[in-house]
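Colleague: Line by line, the protein sequences are chains G, R, B, D, A and H.
Numbering-wise, our numbering comes out as the position in the first sequence, counting from 1, plus 81.
Numbering-wise, our numbering comes out as the position in the second sequence, counting from 1, plus 81.
Numbering-wise, our numbering comes out as the position in the third sequence, counting from 1, plus 81.
Numbering-wise, our numbering comes out as the position in the fourth sequence, counting from 1, plus 81.
Numbering-wise, our numbering comes out as the position in the fifth sequence, counting from 1, plus 81.
Numbering-wise, our numbering comes out as the position in the sixth sequence, counting from 1, plus 81.
Be a bit skeptical, because a hint or two may be false.
Any copy will do: because identical chains look the same in the list, a pair fits if it lies in one copy or spans two.
DSBU-like, lysine-lysine: derived pairs with alpha carbons at most 35 Å apart [stated by the list, open to error]: (1) K159 with K239; (2) K152 with K252; (3) K252 with K405; (4) K304 with K152; (5) K159 with K182; (6) K152 with K374; (7) K374 with K308; (8) K182 with K237; (9) K252 with K159; (10) K313 with K152; (11) K304 with K159; (12) K260 with K405; (13) K182 with K252; (14) K405 with K256; (15) K159 with K374.
To be clear, the hints were calculated from the coordinates, so they are not data collected in a lab.
Given the structure is predicted, the values throughout are model-derived calculations rather than measurements.
Read off the chains here:
There are 6 protein chains.
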Amino acid sequence: MNKIVTMGEMMLRLTPQGYKRFAQAECFDATYGGGEANVAVSLAHFGQNTVFCSKFPANAIGDAAIAFLRKNGVDASKIVQGDGRLGIYFLEKGASQRPSKVIYDRANSAFSTLQAEELDITGILEGADWFHFTGITPALSQTALDTLLVVLSACKDKGITVSCDLNYRNKLWSKDAAKRTMTMLMSYINVLIANEEDVSDVFGIHPANTDIEKGELNISAYKDMGKLLIDKFNLEKVAFTLRGSISASVNEWSGMLIDKDDCFLAPNYTINIVDRVGGGDSFGAGLIYSLLKGKNGQEAINFAVAASCLKQTIEGDVNLVTVKEVEHLMHSGGSGRVQR
Amino acid sequence: MNKIVTMGEMMLRLTPQGYKRFAQAECFDATYGGGEANVAVSLAHFGQNTVFCSKFPANAIGDAAIAFLRKNGVDASKIVQGDGRLGIYFLEKGASQRPSKVIYDRANSAFSTLQAEELDITGILEGADWFHFTGITPALSQTALDTLLVVLSACKDKGITVSCDLNYRNKLWSKDAAKRTMTMLMSYINVLIANEEDVSDVFGIHPANTDIEKGELNISAYKDMGKLLIDKFNLEKVAFTLRGSISASVNEWSGMLIDKDDCFLAPNYTINIVDRVGGGDSFGAGLIYSLLKGKNGQEAINFAVAASCLKQTIEGDVNLVTVKEVEHLMHSGGSGRVQR
Amino acid sequence: MNKIVTMGEMMLRLTPQGYKRFAQAECFDATYGGGEANVAVSLAHFGQNTVFCSKFPANAIGDAAIAFLRKNGVDASKIVQGDGRLGIYFLEKGASQRPSKVIYDRANSAFSTLQAEELDITGILEGADWFHFTGITPALSQTALDTLLVVLSACKDKGITVSCDLNYRNKLWSKDAAKRTMTMLMSYINVLIANEEDVSDVFGIHPANTDIEKGELNISAYKDMGKLLIDKFNLEKVAFTLRGSISASVNEWSGMLIDKDDCFLAPNYTINIVDRVGGGDSFGAGLIYSLLKGKNGQEAINFAVAASCLKQTIEGDVNLVTVKEVEHLMHSGGSGRVQR
Amino acid sequence: MNKIVTMGEMMLRLTPQGYKRFAQAECFDATYGGGEANVAVSLAHFGQNTVFCSKFPANAIGDAAIAFLRKNGVDASKIVQGDGRLGIYFLEKGASQRPSKVIYDRANSAFSTLQAEELDITGILEGADWFHFTGITPALSQTALDTLLVVLSACKDKGITVSCDLNYRNKLWSKDAAKRTMTMLMSYINVLIANEEDVSDVFGIHPANTDIEKGELNISAYKDMGKLLIDKFNLEKVAFTLRGSISASVNEWSGMLIDKDDCFLAPNYTINIVDRVGGGDSFGAGLIYSLLKGKNGQEAINFAVAASCLKQTIEGDVNLVTVKEVEHLMHSGGSGRVQR
Amino acid sequence: MNKIVTMGEMMLRLTPQGYKRFAQAECFDATYGGGEANVAVSLAHFGQNTVFCSKFPANAIGDAAIAFLRKNGVDASKIVQGDGRLGIYFLEKGASQRPSKVIYDRANSAFSTLQAEELDITGILEGADWFHFTGITPALSQTALDTLLVVLSACKDKGITVSCDLNYRNKLWSKDAAKRTMTMLMSYINVLIANEEDVSDVFGIHPANTDIEKGELNISAYKDMGKLLIDKFNLEKVAFTLRGSISASVNEWSGMLIDKDDCFLAPNYTINIVDRVGGGDSFGAGLIYSLLKGKNGQEAINFAVAASCLKQTIEGDVNLVTVKEVEHLMHSGGSGRVQR
Amino acid sequence: MNKIVTMGEMMLRLTPQGYKRFAQAECFDATYGGGEANVAVSLAHFGQNTVFCSKFPANAIGDAAIAFLRKNGVDASKIVQGDGRLGIYFLEKGASQRPSKVIYDRANSAFSTLQAEELDITGILEGADWFHFTGITPALSQTALDTLLVVLSACKDKGITVSCDLNYRNKLWSKDAAKRTMTMLMSYINVLIANEEDVSDVFGIHPANTDIEKGELNISAYKDMGKLLIDKFNLEKVAFTLRGSISASVNEWSGMLIDKDDCFLAPNYTINIVDRVGGGDSFGAGLIYSLLKGKNGQEAINFAVAASCLKQTIEGDVNLVTVKEVEHLMHSGGSGRVQR
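Turn these sequences into a full structure, and let the hints steer you where they fit.
Modeller: Have a look at this one:
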C-alpha cells in the first residue's frame, strides 16, 4: 500500500436528473468532485492510503463533503474547515448532438484562501510516495498558488514524485497567465498528464492535423508533442488522454504514455457514456497506481485507460472501481457479460 | 423580434418514468404539449414574440397548462378558460425494437368547443407576421374548423403568412374527410410542412420506392412530391421532415425544403433518441424562424433540421434550445463536447 | 388457451436506480423474479392459463410476491406459504464496458424446503399441457430435487410435455453435481433450452471456435451440439439462445431450434439493452407458446427470439408483451416507429 | 368465505407528490379507485370472494386498472372492455388549514355506457351473498342507471342483500334528480350507508345542531335521522360515518349503526390523516364484512370504524388491511407500537 | 388590478428531500425565493399586476429564476441579467424538536452589484400603486443601498406607497449598522412590517414579557411597540406577525395591524407546518393586497394572516393561493374538508 | 476524546417510501443499522473515537455497510469480511393508529459466525474507555455469545466500563433462554439500559400499574425496578427509556437514571415521530457520552433523552446530531425555531 497525497478544491456538483435541461430541473442530484479529489477517491478504491488536503467551509455543506470523502475511503483528517464557501458547479448532462454544459459558481471558495500555515504539511507528506495536483489550483488565487509552492518545495526536499494534470480552465485565467505560472511549476513535476487541448492552450504547442471539435486524432503528432514537453521541462513522463467525441452519447477513448525512450498507445474503447466528467482524473489515478506498482509503460497506460473507461460508465465525478474490475476489463475486452 | 401566432389544442401528457411500460407505472411524469403549442414554445426560446391561442378548462389543470406556457416565454394572455376538459395523452417511451406507444384521451376538450366569438382575434393578429396551425385542429370538431376558418380569413386579409403542418391523425378522422377539408384549407396556406406519410394519407400522393416501416427513404422522389404539392395548391414552399427509424433508440433525421425553383436537403443526423415527440413541431418552428429572418433555402432547412435534432435529445414535447445552441450544432457537427 | 405449469423459486430483486453502483444506492427498485416464475408471467401475458407453484414465506414479503404474480395474470392460488424466507438477489445494472453484477442472497428460502406433500399436485397438473422447470430448482436443495422428481413422475404419467432450461449456477453447485443430477433428470424432459455455456458447464459439451467472453459465435457448431444432446438424452427438441455481447449496453440476440430432422436459426437483433435479465426465460416462454400453438420450427424460433428481444427492452425480470406485440416486431423488423 | 359483488365506475387517480399543489406537480402518483371498487378491494383483503363488475376501455390504461384489481385479490374476470375512456380524477392533498381538492374528469367513461346485455349477470350473481353500489352509478348516465336496475332486480329475485352508499356528487346531478332516483332505488336496498351531508342533500333530511364545515356533530340527532330513514324506506339498517374535520391534517372519526330496535355508536378515533379518500368506502366494506360474519351491532360498527380509521393512514383510495390488523386496533386502542 | 413593484435579491433554494438532514441528501429540491420576490409571486396569484426588479446572472441558472417568476405570473421583463452569481441558500427542514436550518451562500450575487443606471426606473414605476422592499436589500452592499435610495426617492416623488419588511439578518450586518441605515430609510416608508425580534434587533425596542425561544407572546405589549414605531418614524401603519413556536412541526400564527388610531388582532391559527419559510412575505403580500383593495383594518389583518397561514401548508418559499382560497379559509375557519 | 468500542450485528434496512405499505412498495429506501452500530454512529457524531466490530460479507453489500459507517465517522477498520450474508430487516412506517411493522430476515448472518480468533481484540480494546453491546448479540448464535464472552473478559481485565442494552427480541430466543444467558452476562456489566418491557420479558420483573399497549407509565414503580436490578446484579447504574405511545405519529419520550443512591427523571418530550427506530440506541449513546464526560446524574439523563428525542425526528436508524445540537434542545426546550 502506497501513500498518495493530493491537494485541491472540491466542489458541490448539482446535476438535473436524467437528461433534463437546467430549465426543467425541479431537483438536482448532489455529489462532490474536483480534479485532485477525484484522483484521491479513485486511488482509495484501488486500496491505497490516500490523503486529500483542502479547506472546506465550517458548515454542514463542508461536513457533507468530508463525509463523501470518508465514505470513499479517503483520509480526510488533514482537511481544514474555516471561513468561505464550498464552490459549486452545475452540470447538465448532454445526449447525442446536445453537449453537456457546465456552469461554474466557484469564486471565493474556502480553498482559495488556504494558507500554508493552516496545513500540517509535515504530517501530510510523512511517508508519502506521490503528490498530485492539477492546473486548477494555481489558477484559483495567488494564495492557493503560494500554498501549492510550499507543498511542492517540501515534496522536492523529500523526493516525493509529483504529477500534474494541466487541466486548463479559461474561466479561471488567461492563456498567458497559465503559461507563465505552469511553466514555472514544471520544474517541480515528474509526470505530466494532459490532453492536447490543454497543451495547446497553456504552452501553445499542438499536434498537427487534429481537429478536436470534429473528434479526429493524429497519433504520431501526439508522440512528438510528448517528446517535446519532456525535453523542454525535463519531465520523466508525459501521458495524454485521447478522446474522440462522436457525440455526447458515444466517445472513443484511449491514452498514450511517453517517456524519454518510448511511447505506448493503449487500446481504444468506444464508450456509451453514462457520465464523462472525471474521465481525465480517473486516468491520472490509474496511471499513478500503475507507476507506483512498477508496471511497465504498456501495462501502465493500458490500466489507466481501462480504469478511466469504466469511470465514464459511472454516475458522478469519481471512479468507483477496484483494481480487479479494471483488470477484468483489460482481459475481457469489455463485452459486459453479467457477473454472477 | 417577429410576432408569430399559433392556435390549437394543448394536452396534458402523462409518461411513465424511464422505460417503464404503462402497466408498470406507479407515477406519470406530467408535461404539456400539442402541435401548435410546441411550435410556439420553440419560437419563444428563439427570442420571438409568440402568442398561443386556445381554450383551456377553468380549473387548476388549465391553470397549470397556462403556467407551463408562461414559464416558457409564450404569451398566454389570449387563451380563453371555460367549460370542458384538457385533453390528455399517455406516452410510453419505447426502446430499441420496442416502439413508443401513444394512447389519446382527448375527446370533448375545451378547445374543441372554442368559438371565434370567444377570441379577441383583432388583438391576437395585430402586428403578427406569421400564423401557424396543424391538421389536428380541423380534425377535432366542426366548431374548431369554423373558428380556424375565421382566423385564416383574417390572416389572408392582413397578409399574414400562414404555415400548416399536415399532421394526419387517423384516430381523429378518416383519410377522406381529411382530404376534403385539408384541400379546402390549402388555399389559405403559404408554407406546407409534412412528412411523406401524412402527404400520402391526406392527399394520396406518395414518393416512389419508400418503405416507412423499414426506414428507407428515396430523396429524389420527395423532391417530385414537393413540386407536385406546390403546383397543385399554389404554395410558396413545402418542407419535409425525413426520419429514418433504425429503432426506437436510434433514428436518422433530416429534412428538405422545396420551393418553386429549387430544392434544399439538410445534412443528416443520427440521433440517440431521448424523446422524439415534438420533432416535427420543432422542425416547423426552426423553419418559421429561418424564413422570418430571411435565411436562404439551404440555411433555413439546415437550421430547422438542427433545431429539431436537438429537440429529440430533450425530455418532453417542446424544444428548449436557443438560436445560439442550434447554430453551435450547425457549426460543430454535433460532437457533443462539454461546454464549460 | 393452454394450461402451463411452472415450479421454482421466486426472489425479491433489488436494483440500484439507473446506472448507480451498489455503493451509491440510497434506494433499491424492488421487483420479483426467478427463472420459472418469469416463464409463467410471460405466458400469462400471452393469454395462457398459467399456474406457478412455489413456497413463499407467510409474511408481507411473501404476500407481495403473490400480489406481483396475480397482477401479471398468473394463477398463484397453488403457492404454499410457510416458514423460511424469500430469497433475494441484488442486481447492479452495467453500462458499456462495465458489466452488470448479481449478488445472490438466496440460501434457506422457503422454496428450498418445499415438500411434495405440501403441494396439491393433482389439482396443479389437472388439465395441464406443459410443465416447465429450470436447472436451478434441483440445485437448491435435496428437498427441492425430491419434490421436483415427484412432479416430473406425475407429468410423465399424465403425458404432460416437459421443458427444462439448464440454467447452470456455479454458486449453487459444482459442475460434477450438476452433471450427475441433470443427466438423471433428462429422462423426464421433452424440450431442452440452454445456452452453450450451460451445456458446456453441465454436460462438458461445447461448440468449437466459440469464445463467449469475446462474443463470437459459431452457428454450425451449435447445430452439432444440439443434435448430440437430442441423441444422447432422447429429446424431442433442443433450443439455444445465442447472445453476442458487444458490451453491457448493446447485445446481439438470436436463437436456434433443433429437432431430430432439422435446424432453424432465427433472425438476429441488435439490442440497446434496457434490462437483459430474464432474456432466456422469455425465450423459453416464447418457445413454449409457439410449440403449444402448433407453429412450425422456423415460426417457433422466430417468435421465441422476437419475444425475448422485446423483454430486454423492458425493466425487470419479466416480459410484459402481448402476442400481438411480438408479432408486430416479427413483421416490422423493429424499426420502433411510434404507435398511436 | 362469502361472495360479495360490487359494480361501479373505477377511475385513474392522479395525485401530485407529497403536499405539492397542482401547479407545482411535475409528476403525478397514479393509482385507481372508485366507491364500489374500493369496497371490493377492502373486502378482498378481508379474505372474501369479491367480484367487481364494470366496463373499462380496451387499452393499456384499462388493462392497468384490471391489473390493480387483480393485484389486490379482486376477481376482475367479469369486467367488460370496450370503447370509451377510463374516468380520471385529480387529487391535491391538503394540509392543516388548506383543504384537499378534487378535480373530476370523468365524463364519457366506458362504464357510463355499460349495458346490461354486456354483462354475464347470471355468472356474476351466482352464489353471491351481497351486492353493493353507491349513489354515483345512477348519477353517471341513464344507461348506467338502467343497467343497475337490471342487476338490482336480479338481486331481489335471488334474495341477495343489497347495500348502498348514498355518495351524493353535486357535479354529477342536481339534488332534485338525486332525490327522485335514489328514492326509487331505496326499495331495492337493505342497508343504507351515508354521512349526514349526503342525507341532507339527497333526501332533505338533516340532523339538528350540526355544522359540517365547523366539524360539530350532534349524536342524538343522527339517531333520529337513522330511524326516520329506516321507517320511510323500510330499510333493515342505516349506518352513518361521523367525521369531525379539525383540519386537513387531523380528523375525528367514528360511526353509528341504527336498526329498527337499537343504535350503536363506535368509539372515536383522532386520526393524523395520511389519505382520507376512501374512508367511507372502507367503512362500508367493514360493515358488510361484519354483518356477513354475523357480528352484533356494536361489534359491527366498531369493526367498520376501526377498519376505516386505518384506511386513512394509508396512501391511495383503497384499504390494505387484514381482519387481524383491524382487530388489533380494536383491542389495542391505537397506540401504534412497533410490531416486530 | 393594481400595479405593485418589488425589488430585491432572489436566491436558488436547495432543500434535502422530506426530513433528510444535509448529510443525508443525495439530491436537493430546487426552487427560488427571496423576501421581495415572494411578495411579488403572492400578489400575482392574487391577480395583481406585479413587477419584480432585480439583477440575475446571464446564465441558465439566472434564466431558470426568470422562468420561475414568469410561471407564477410575475412580470420579469424588468430584470437585468449580467455578471455575478445567483445567491444560494440551503434549507434543512426541521421536525418536532429539531429546528429547520438555513445555510446562506449569497455573497457576491449579481443583485448586490445592481446600479440604478442599469434599471429602467421610469418604466418600472409607471402607473405603480405600491413599492415594497425588505431590510435585506440595504444589508447586501452599498451599491444595493444606493440603488434602493434612488428608487425610494422616485417613489416619494410619484406618491407611491412604500412598505418595508424589516427582515433583520445578522449574517449580513451588525445591529448597529442596521439601526443606522434602517432609521434613515424609515422616512421613505408608509407601512412597516416586522416581527418583534426584528424590531428589537434593529431598533432596540421590544415588548415586555415575551420570550421568543419559548414561544410566549404578550399581545398588549405589541400594541405599545407599534404605536411607538408609528410615532417615532411617522408611519401610517405597522403590522406584526405573531408566531408561537410550539415545535418545528406545529406553530401558532397570527398578526396585528396598528395605525395611529387603532389596533386590530387577527384570529390565531394552529398550523401543522409544511414549509414555514416565506410566512412573513406572504403576510406582507396579503396586507398590501388588502390595503390596496380598501379593506378596513380588521379585514386587512385577517386576510393577511389567513393568506400566510395557507403559505405555511405549501412547499417552497412562495404562496400559491388565490384570493378565493384565502377568503374560504377566513369563512370556514380551516376545517380542511375536501373540495370536490 | 474518549474511545468507545461497540460490537454487534449490522443489517441492511429496507423501507417503503413515505407511508407506503409493503404491498405498495415499488422501491425500498436502503440504509444500515443495528443496536450497537447505531450507538457507535451516534457517539462518532458526538466527536468521540468510536470503533465498531463486526463481521460482514465479503461482497458489495458488506462494502456498502462499511462505507456507511466510514461516512458517519466510525472506525470500521476492525470489521472482518468473510462468508455469510448481511442480515436484512424490512420496516414499514406506521402512521396514527397504524403501527410500524418490522420483518426480520437476519438468520445466518456473517456476524453470527464471527469467532473470537478472527478479531484483533488487543488492538480493538487498546486505550478503550467503554464497551457497549446489546442483548441481541448473545441471542444470535452460540458462536456470537462465545465471542462476546471473550471480549467481555478482556474488558474486565482491562477495567473497561461495560454497558448493555437488554433489547429482548422474541423472534430470536425464548424468555427462558434470555433470562439464563443475560443473568450470566450481568456480572460483566456496569451500566444496564432497558425499557420496562425488556426487563419484564428477560428478568420477569415489571413495574406495577403500567400498561405498555395503552401507553401509561408509573414513574415510581420504575425507580423500584431500577434499584432491584442494581442490587440483584451489582450494577453501577440502570437507565430506562420511558416511551408513551399515543399513536404511531405522536409519542411521549423521557428516561430515568438510577444509581445506588439516587434517581433522576428527565423532562418529557412530546414527539411528532419522523422515524422512531433507534430511539433506544441514541439514548444509550447519549448516556455513554454523558457519563464519560463526567456529567452528573441529572445532566446525564437529560442529555440522553434530548439526544434520543432528536433521533426520532431523523430518518434512518442512526442519530445524526452533534453535542451542540443536543445542548441547544436542552436549553431551548424544543420550540423548533429556524436556525439561520
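Colleague: Checking each numbered hint in turn, tell me which of them this model violates, lowest number first.
Modeller: Result: hints 4, 8, 10 and 11 break, sorted rising.
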